[in-house]
Amino acid sequence: MSSPETTWKSQAGFVWSLIGSAVGFANILSFSAKAYKNGGGAYLIPYAIALFTIGIPFLILEGKIGHRWKAPLVGAYETVWGRFGKTLGWLAVLACLTIGAFYIVLTGYSVAYTYFAASNSIPADTQTFFVKDFLHMTESVSRMGSFSPTVFLATTAVGLISWWVLRRPVRDGIEKICSLFMPMLAVLMALFAIAACLLPGGMKGWAYYLTPDFHKLFDFNLWRDVFGQLFFSLSLGLGIIVGYSRHTGKVANIGRAMFYVALGDFAVSFAAGAAIFGCLAHISHSQGIPFDQILTSDSTFEIGFILFPKILKAFGPALSVVLGTVFFFSVFIAGITGVFSIVESIAGNVEAEFDTTRSKSVAVTLASLLGLSFFFCMGNGSHLIDALAPMVLGTNMLIGGLGLLYAFAYRRDFGLEPSFTTHCLRIGAPFVLGTILIGNLWQETASFGLEAKIRWFWLLAALFTAHSLAIRGSQKPAVPEVS
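Residue numbering for the sequence shown is 121 to 603, as defined by the working numbering.
Check before you lean on any hint, since a few could be wrong.
[As the list claims (entries may be wrong)] Cβ pair distances, simulated, as ranges:
1. PHE534 / THR476: 25 to 35 angstroms
2. GLU259 / PHE334: 22 to 32 angstroms
3. SER130 / PHE334: 38 to 48 angstroms
4. GLY436 / TYR235: 47 to 57 angstroms
5. GLY375 / ILE169: 16 to 26 angstroms
6. PRO243 / PHE379: 41 to 51 angstroms
7. LYS370 / PHE334: 29 to 39 angstroms
For the record, the hints were derived by calculation from the structure and aren't laboratory data.
Backbone N, C-alpha and C fix where the C-beta goes; we use that ideal spot for every residue, glycine too.
Let's have the full structure, built from the sequences with the hints guiding it.
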């Protein structure tokens, strides 16, 4: 039975913590980059459809898993599928470990850039500063290059802050921080959106943002981008929502909580997109560059750490310091609350499976993340992230999502009453996720360069490790089907 110290203090605190888990770089930067690539309004329409047909139903499913079994993902899987379930659970944990290792580095970027903005030390050539001076970036993943002490120092700071918060019970750590910072982030993003509209030409950003190109809706790549963005943004298929929901008390309205989480996640994404599009429209207006030619790629880094610092220069030295500091601190808030959820998910499984204390499991998890993060602080770190992302944030999350569906959504004793949500989970979601998974695997066969070898090596190593962890210790019998 859960003690008061191990449960959320309030439903509102639970919701804010889940929003903190969902909101991250995917909302502040990646959402805008993908919307720009896919024609603004043409991206928002399928995103809204995906949110209501896949996003919210999946949030409810994972929330009910954690709420019912009061266990992290590995334990919940073991209860229904035995050793095979544990293997799937540990595969998700290892994915979280990999994602966390580079996510903590990306959050470190925001720490460093908050300092750079506050000290007005970002030069006019923002691209050279970011790529060469800050990252020490090499030409390809095959060239490791030199170590960036600045990146690692900022990453270590993120790790120490995370340890200070997460070593406490959830109501005294995650809940207090997220209940304070997530409303602050929402207000800051709304203010940025308004400020961007007031820039010369900024209002035209709304036209680009909200006017759809309906021809793009027939592009399969658009829908794949949408569902990929949604899964990553809401942290689906990895057991993160399960890990947070296991701390709920006996009485919790999971459906309502998950609706608010999805709404909050989309609201932050929408406001961030409006702000970015307003800034891009200002550049188009002031420099005479066609709006659709401002960004050369849909890279999250290009918008956040190259283009935006350049935009800030237009505000003058005094105001750019204030706006830049606030913006990058907002990115930091989004990043570190995501780190909290990743660490909580990993540490919860370590704590339960190895029968250790919360403080020890958090320390071991963060030490592991910081150790792995060293590789992403090298000159080829960003290339390594690009190589791994299609597997750990794409194919693996789809496998995890399908695993959750077949393990839990079809169980007659799980408590899913006939409804729109249930039909989406049992009919729509398997078709959509299966189709995208086949498409991803087909793309992987198109070429087999070094990046692809890295992805498949990770999957094989993760499967071997997950199976090895699954066979250790005693095994609970799977719950029999209800006849």
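Now for the hints, and whether the structure bears them out:
1. PHE534 / THR476: 25 to 35 angstroms: Taking Cβ atoms as reference, PHE534 and THR476 lie about 30 angstroms apart, which means the hint holds.
2. GLU259 / PHE334: 22 to 32 angstroms: violated (40 angstroms)
3. SER130 / PHE334: 38 to 48 angstroms: holds (44 angstroms)
4. GLY436 / TYR235: 47 to 57 angstroms: violated (20 angstroms)
5. GLY375 / ILE169: 16 to 26 angstroms: holds (19 angstroms)
6. PRO243 / PHE379: 41 to 51 angstroms: Holds, at about 45 angstroms.
7. LYS370 / PHE334: 29 to 39 angstroms: Because 48 angstroms falls outside the window, the suggested range is violated.
Violated hints, listed in ascending order, are 2, 4 and 7; each of the other numbered hints is respected by the structure.
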